Amino acid sequence: MELFNENSKLAAVIHKDHSLLPVINRLGIKLGFGDKTIRNICEERGIDLNFFVETINVFHYEAYFPEKRLLDFSVSIVIDYLVKTHQYYVNYLMPENDRLVELFLLSSPNESTENELVRKFYTKFKDEFVIHINFEEREMFPYILKLSEAIANPDLRTSFKQNYPGYSIEGFEKEHSNMDDKMDDLKNIIIKYLPPNYDQNRGNAFLSNIFLFERDMKNHSRIEDNILIPKVKQLEKVLLNHE
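Position 46, counted from 1, in the sequence shown is what this note's numbering calls 46; the numbers after and before it change by one each time, with no gaps.
Note that these hints are calculated values from the structure, not bench results. Keep in mind it's a predicted model, so treat the numbers as computed, not measured. Heads up, none of these hints are tricks.
Taking lysine to aspartate or glutamate pairs in the EDC-like style, the calculated list, with each CA pair at most 20 Å apart, reads:
| no. | residue 1 | residue 2 |
| --- | --- | --- |
| 1 | Lys161 | Glu236 |
| 2 | Lys231 | Asp80 |
| 3 | Lys9 | Glu43 |
| 4 | Lys182 | Asp216 |
| 5 | Lys126 | Asp185 |
With the hints as extra help, turn the sequences into a complete structure.
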């Protein structure tokens with residue numbers, strides 16, 4: 001698959017893969033950029049060019065994941081992107097799923113145990129996912145940012161150790177829930193066990209949005225698991241070596 005580069009026109013990128021639209025938005029760009037290249041747009045808007053290019057390629061081509069290059073980016077730029085992704089999930093994608101699942105279930109002539117099973121499982125999945133991202137933003141991300149600051153400024157290291165005694169990214173990894181299996185369960189319940197009297201168009205719309213959510217979430221997890229966490233482990237080693 002062809003990869004994008006700094007000289008690619010962003011309009012052509014979207015024509016080739018419109019699923020990148022929310023990714024591009026999270027990177028700080030809205031539509032209306034004419035025929036400008038990625039380089040032109042990033043320079044105008046103060047966006048890290050290399051991070052932009054690598055991120056859209058990661059989402060465009062599943063087999064592409066240049067870990068060595070991605071590890072060169074600062075934790076702050078990675079976390080900023082991850083937080084914006086959380087905002088996209090909470091403010092748009094999940095409310096849209098809420099709307100679609102209710103339209104879908106209400107389209108069935110009669111309430112059924114299968115419908116209630118979907119509603120219950122979807123609600124459980126959503127609640128656990130919100131807990132997961134709230135934990136990252138409340139606990140994990142602040143720890144990482146403070147660690148990065150302490151590495152850059154030796155004067156901050158003593159206060160960092162006092163504020164985060166016994167903390168390590170390995171401890172956070174244990175809390176880093178794997179939501180992929182729960183997403184698979186939700187899809188399987190919808191695909192395999194619904195009665196045949198539901199509205200097919202509404203069912204397809206809901207399931208399509210779930211598949212979109214799953215793809216985005218998997219790439220989000222790849223960035224956390226393969227880039228952010230290994231980078232934090234490197235920083236922790238640096239701090240340990242300066243004790």
